[in-house]
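Enquirer: Work the whole structure out from these sequences, hints included.
These protein sequence lines are chains A and B, in that order. For the first sequence, our numbering gives the first residue as 403, with consecutive numbering after it. For the second sequence, our numbering gives the first residue as 864, with consecutive numbering after it.
Quick caveat, the hints were computed from the structure, so don't treat them as lab data. Keep in mind that this is a model prediction, so the values were computed, not measured. Do not rely on the hints blindly, as some may be mistaken.
[To be verified] Think about it this way: if two alpha-carbon atoms lie no more than 30 angstroms apart in a straight line, the pair counts; the simulated DSBU-like pairs of lysine-lysine are:
| id | chain 1 | residue 1 | chain 2 | residue 2 |
| --- | --- | --- | --- | --- |
| 1 | A | Lys525 | A | Lys570 |
| 2 | B | Lys1004 | A | Lys525 |
| 3 | A | Lys684 | B | Lys1029 |
| 4 | A | Lys570 | B | Lys905 |
| 5 | A | Lys684 | A | Lys550 |
| 6 | B | Lys905 | A | Lys684 |
| 7 | B | Lys1004 | B | Lys1029 |
| 8 | A | Lys525 | A | Lys550 |
| 9 | A | Lys570 | B | Lys1029 |
| 10 | B | Lys935 | A | Lys550 |
| 11 | A | Lys570 | A | Lys550 |
| 12 | A | Lys684 | A | Lys570 |
| 13 | A | Lys550 | B | Lys1029 |
| 14 | B | Lys1004 | B | Lys905 |
| 15 | B | Lys1029 | B | Lys905 |
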Amino acid sequence: MGHQFLPDRPVDEARSAEAVQQGGLPLRAQRRIWEMGQAQVPLVTSTLGPAETLVARMTGLEPVSQVMGSSVYHVGFGNYRSSWSGGELQNLTVAYEQARSRALSRMQQEAALLRAHAVVDVKFERRGYEWADELVEFTAVGTAVRLKGAPPTDQPALTLLTTGQLWKLHQAGYWPVGIAMGNCFWYEPHADCAGEGSWFSQELPAHTRASTTSRDLAVERFRHFAHHFQAHGVVGVNVFRHARDHEWDSNNTSHTAFHIEMVLMGTAVVRRGDAGPPPRPKLVVDLCDLVRRKSE
Amino acid sequence: MANQRPQGQQQQQPLPQHAIERIQGMRGAQGQRFFTSDLSVKEYLLIRESGFEAAGLVMGSSIYHVGYQRGKWSQNMEMTVLTQALYSARELAMARMEEEAEALGAHGIVGVRLDVRQYEWGSDLLEFVAVGTAIYPRDEKANWRAPNGRAFTSDLSGQDFWMLLKSGFRPVSMVVGNCVYHVAHQSLGGWFKTAGQNVEMQAFTQALYDARELAMERLQYEAQSDGASGVVGATISDWTHGAWEPHIIEFFAVGTAVLPIQTTEQLPTPQLVMTVDS
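Expert: See below:
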């Protein structure tokens, strides 16, 4: 092998920080992308495996480069008093929404610098770090692709779909326009169960209220987001719901509080004008699977 | 300080005696080859279908003492000594694996896995292990080695390898890039100012972003110096070593660098199918 190690080359850190502050890309990221465009022998990097690459090429998608975006946010509960009657934690909702948007936007900016038309196979992750429990990082990693013969755009379309799924979507007469999302954090400080210890099964009204209202709000925002793209629909929607109870004390009485987070995320699509009727799938029997099932 | 030796010096060390014996056994004395492999049956079939035969399971290992690097804890910075130590350790493990493949007369290695292991008996020690299956073409006149004359390496599975050849590319080398980064301990002034509000922590965004970009840049640099035209299946991950403090993170990028081949075969056309038996 004998590869040489490429040391870091310094950049103007102050200017880099300024770019990040404005929601832009750090200079090292800009440099990597710029140098890829300048290379004598162009190099294509991609998160796609051989099969996915093949499907991409057959669909007229030309992989250009792996692209990524990230944003670290401070997300704290803030000071919510126990006298507060509950409702949406708007600060949190907005913070998570902005962090997601910034990560996606930075990935989109990398793709735009590469003169790409879309980013496919986007893996969107949320992570926390051991050293700071009030920090959350969102990262988006995908492959920027160019569409043969398409006009340049400064807003490449983002999609969570793999190229295989994209091909099927294309066959069905649709095309992605962007990633739509909607979220909501809701907090009910008084979610005590009125008939605790009773034999009767009963509804927990505070829990139900929190659950339905937060879902409605998230869905409404999600739909609004999709409308913004003038989408005809959203495919591959992921619903993330995280709910938990926690106990708190006041005047020697213990109370139950209920906390819920709802997130919806999917790929907004539009109908293609030139689409014919979708092809009929061929029916096959997968012998490999049958054999395996028998031997199990 | 990491225990680092110039690379050329270590690479020329011969393989351990047991490795040489094992490899000679697989080459066979009277032209009777015998191979071991970690390929699944499907993978093995597709490797043969692509015109290759398995030569044997090959591996390389390198145990590195990953020491402590003093840093300015208030600053986001790359831990260059650690980055280079981990980078060289992987290079060494890969180089030894390639040496085994060379000794087997193989033209390449598929399904390479690069693992890091930590041991109880040495918390500062990391073992880097590269394992894969060496293969050679049935056609004796064919040459599938990388442009630099060495065996190609690739982390692709047998299925992916078959698909890669079918679509008109061949693997050149498994390329990696890394960056060990120290994320500043809370820059307290800035932290308290924002304690009540939820805002982007720009310094952290920039730090983690830079670290990933550096890892990717190094991966690209390797691919370019190997004369490749592309990298498929690039992934980027992060982990932290138990003996380091949690503010130190390694970002690691890996993928397979490829080159186009002359092929007369048409691209296979996928068909829309629906399995009846699910």
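Enquirer: Next step is simple, just say for each hint if it's right about the structure.
Expert: Taking the hints in turn, this is what the structure says about them:
1. Annotation: proposed proximity of lysine 525 of chain A to lysine 570 of chain A holds, straight-line Cα distance about 19 angstroms (limit 30 angstroms).
2. A hinted pair counts as satisfied when its Cα atoms are at most 30 angstroms apart, and lysine 1004 of chain B with lysine 525 of chain A does not qualify at roughly 43 angstroms.
3. Between lysine 684 of chain A and lysine 1029 of chain B the alpha-carbon distance is near 23 angstroms, which keeps this suggested pair within the 30 angstroms criterion.
4. For the hint linking lysine 570 of chain A to lysine 905 of chain B, the alpha-carbon distance of about 26 angstroms falls within 30 angstroms, and the restraint holds.
5. Of the pairs offered as hints, the one joining lysine 684 of chain A and lysine 550 of chain A holds, with about 28 angstroms between alpha carbons and a cut-off of 30 angstroms not exceeded.
6. Between lysine 905 of chain B and lysine 684 of chain A the alpha-carbon distance is near 24 angstroms, which keeps this suggested pair within the 30 angstroms criterion.
7. Taken as a hint, the lysine 1004 of chain B and lysine 1029 of chain B pair is honoured in the structure, with Cα atoms around 20 angstroms apart against an allowance of 30 angstroms.
8. At roughly 24 angstroms between alpha-carbon atoms, lysine 525 of chain A and lysine 550 of chain A fall within 30 angstroms of each other, so this suggested pair holds.
9. For the hint pairing lysine 570 of chain A with lysine 1029 of chain B, the CA-to-CA distance comes to about 21 angstroms; that is within 30 angstroms, so the pair holds.
10. Distance restraint check for lysine 935 of chain B and lysine 550 of chain A: the Cα-Cα separation of roughly 49 angstroms exceeds the 30 angstroms cut-off, and the hinted pair is therefore not satisfied.
11. With a CA separation close to 18 angstroms, the supplied pair lysine 570 of chain A and lysine 550 of chain A stays within the 30 angstroms bound.
12. Of the supplied pair hints, the one linking lysine 684 of chain A and lysine 570 of chain A holds, its CA atoms being roughly 13 angstroms apart against a limit of 30 angstroms.
13. Using a Cα cut-off of 30 angstroms, the hinted pair lysine 550 of chain A and lysine 1029 of chain B holds, with the two alpha carbons roughly 22 angstroms apart.
14. For the proposed pair lysine 1004 of chain B and lysine 905 of chain B, the alpha carbon gap of about 26 angstroms is at most 30 angstroms, so the pair holds.
15. Restraint check for lysine 1029 of chain B and lysine 905 of chain B: the C-alpha separation of about 16 angstroms stays at or below 30 angstroms, so the hint holds.
Checked against the numbered hints listed earlier, the structure breaks hints 2 and 10; every other hint is satisfied.
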